[in-house]
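Novice: Please take these sequences and the hints and turn them into a complete structure.
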Amino acid sequence: MNPYILATLLFGLGLGTTITFASSHWLLAWMGLEMNTLAIIPIMAHLHHPRAVEATTKYFLTQATAAAMLLFASTTNAWLTGQWDIQQMTHPLPVTMITLALALKIGLAPVHSWLPEVLQGLDLTTGLILLTWQKLAPFALLLQIYPANSTLLIILGLLSTLVGGWGGLNQTQLRKILAYSSIAHLGWMILILQFSPSLTLLALLTYLVMTFSTFLVFKLNKSTNINTLAISWAKMPALTSLTPLILLSLGGLPPLTGFMPKWLILQELTKQELPTTATLAALTALLSLYFYLRLSYAMTLTMSPNNLAGVTPWRLPSAQLTLPLAVTTTMTLALLPLTPAITATLTL
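Going by the UniProt record's numbering, the residue at position 324 of the sequence shown is 324; the numbering climbs one at a time, nothing skipped.
What the hints contain is simulated information worked out from the structure, not anything from laboratory work.
Every residue gets a Cβ at the ideal spot worked out from N, C-alpha and C, and that includes glycine.
Do not take every clue at face value.
Simulated crosslink set (DSS-like; lysine-lysine; CA at most 30 angstroms straight-line) [said to hold, decoys possible]:
1. Lys235 with Lys222
2. Lys222 with Lys176
3. Lys235 with Lys176
4. Lys219 with Lys176
5. Lys262 with Lys176
6. Lys222 with Lys58
7. Lys58 with Lys219
8. Lys219 with Lys235
9. Lys262 with Lys219
Computed spacing ranges between beta-carbons, pair by pair [claimed, not checked]:
10. Trp79 with Pro340: 44 to 52 angstroms
11. His49 with Thr151: 40 to 48 angstroms
12. Val327 with Pro254: 20 to 28 angstroms
13. Gln272 with Thr8: 39 to 47 angstroms
14. Ile155 with His49: 36 to 44 angstroms
15. Pro317 with Phe72: 47 to 55 angstroms
16. Leu28 with Pro254: 21 to 29 angstroms
17. Thr343 with Thr96: 25 to 33 angstroms
Specialist: Here is the structure:
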């Protein structure tokens with residue numbers, strides 16, 4: 001793609017998210033979301049591969065549906081209450097509709113089925129943008145409307161953690177596994193949203209760092225399925241030994257960074273006298289942990305069954321920058337001891 005066109009599209013992507021962040025009026029927020037969608041579509045389709053075009057079409061249709069639903073809900077809210085302000089959502093009907101529209105935008109269960117399919121059709125860099133940057137604007141709106149519909153959010157959260165864990169069990173494609181991982185993580189964030197928005201923010205930030213790190217590793221290895229992971233040791237032995245730790249951090253094992261949000265969320269749910277919800281969430285985390293362990297096993301404890309010279313990947317120098325990978329990997333592995341400082345910063 002022409003670098004000038006790419007720069008313009010990335011600028012549009014950033015501007016759309018910034019407009020949604022800064023808006024207090026529903027029409028302006030909707031406009032930001034639309035700019036965001038329209039800017040990423042050419043980036044998604046630039047490979048001119050049938051799978052990429054199919055993924056782009058699916059993404060466009062789901063985002064357009066969610067945006068139309070959001071616009072309808074905000075108009076209904078203005079009709080019922082006379083308010084266009086994002087903070088002034090008092091009627092339960094538009095609040096529920098907007099929550100479901102934003103759930104469709106970010107890919108929460110039960111409206112999640114587009115996400116694995118779309119991600120499978122994209123390259124890893126665009127997939128990373130889709131799973132990280134594209135979640136920020138809808139989350140900003142969810143945090144602002146602060147939905148009081150507690151039952152709906154808890155159902156969406158638990159369903160997402162369950163579907164995210166269950167759906168990834170049988171996958172061999174890394175992008176689909178990461179899509180289901182994303183659904184599960186979003187479930188945890190939604191679960192705690194109404195009780196502690198600062199914890200939702202903490203979970204979102206740790207998720208962004210861990211996902212960034214995982215995608216950069218797979219991009220460096222040029223891995224798109226489990227089989228290519230098994231021969232990555234020949235290419236980068238040091239990184240291959242660190243990758244299972246990154247994956248287990250995504251799964252939420254102590255003493256890695258990924259344990260921090262899960263631990264604090266379970267603690268908060270118990271404080272709110274929701275022990276059943278906390279137990280169910282913790283059990284669904286085991287499902288996710290299984291497929292992370294499966295990836296770790298494939299990377300470190302198995303060797304490719306064939307020793308043909310053509311199968312072992314060439315150790316060619318990579319053009320990819322390794323500094324972002326180094327920084328995000330360090331953050332993914334070592335932030336747990338800083339939990340008190342991080343929570344204090346977020347609750348200011």
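Novice: Each hint should be assessed against the structure and marked as holding or not.
Specialist: Each hint, compared with the structure:
1. The suggested pairing of Lys235 with Lys222 holds, with an alpha-carbon distance near 11 angstroms, which does not exceed 30 angstroms.
2. Distance restraint check for Lys222 and Lys176: the Cα-Cα separation of roughly 15 angstroms lies within the 30 angstroms cut-off, and the hinted pair is therefore satisfied.
3. Restraint check for Lys235 and Lys176: the C-alpha separation of about 24 angstroms stays at or below 30 angstroms, so the hint holds.
4. Of the pairs offered as hints, the one joining Lys219 and Lys176 holds, with about 15 angstroms between alpha carbons and a cut-off of 30 angstroms not exceeded.
5. A hinted pair counts as satisfied when its Cα atoms are at most 30 angstroms apart, and Lys262 with Lys176 qualifies at roughly 22 angstroms.
6. Distance check on the hinted pair: Lys222 and Lys58 sit about 25 angstroms apart at the alpha-carbon level, within 30 angstroms; holds.
7. For the hint pairing Lys58 with Lys219, the CA-to-CA distance comes to about 24 angstroms; that is within 30 angstroms, so the pair holds.
8. Our distance criterion of 30 angstroms between C-alpha atoms is met by Lys219 and Lys235, whose separation comes to about 13 angstroms.
9. Using a Cα cut-off of 30 angstroms, the hinted pair Lys262 and Lys219 holds, with the two alpha carbons roughly 27 angstroms apart.
10. Distance hint check: the CB atoms of Trp79 and Pro340 are about 47 angstroms apart, consistent with the given range 44 to 52 angstroms.
11. In this structure, His49 and Thr151 meet the distance hint of 40 to 48 angstroms, their C-beta atoms being roughly 43 angstroms apart.
12. Here the CB-CB span from Val327 to Pro254 is close to 22 angstroms, well matched to the stated 20 to 28 angstroms.
13. For Gln272 paired with Thr8, a C-beta distance near 46 angstroms keeps the hint of 39 to 47 angstroms intact.
14. A hinted range of 36 to 44 angstroms for the beta carbons of Ile155 and His49 is consistent with their spacing of about 37 angstroms.
15. Taking 47 to 55 angstroms as the suggested C-beta distance range, the pair Pro317 and Phe72 conforms, at roughly 53 angstroms.
16. Taking 21 to 29 angstroms as the suggested C-beta distance range, the pair Leu28 and Pro254 does not conform, at roughly 42 angstroms.
17. Roughly 31 angstroms separates the CB atoms of Thr343 and Thr96, a value that falls within the hinted 25 to 33 angstroms.
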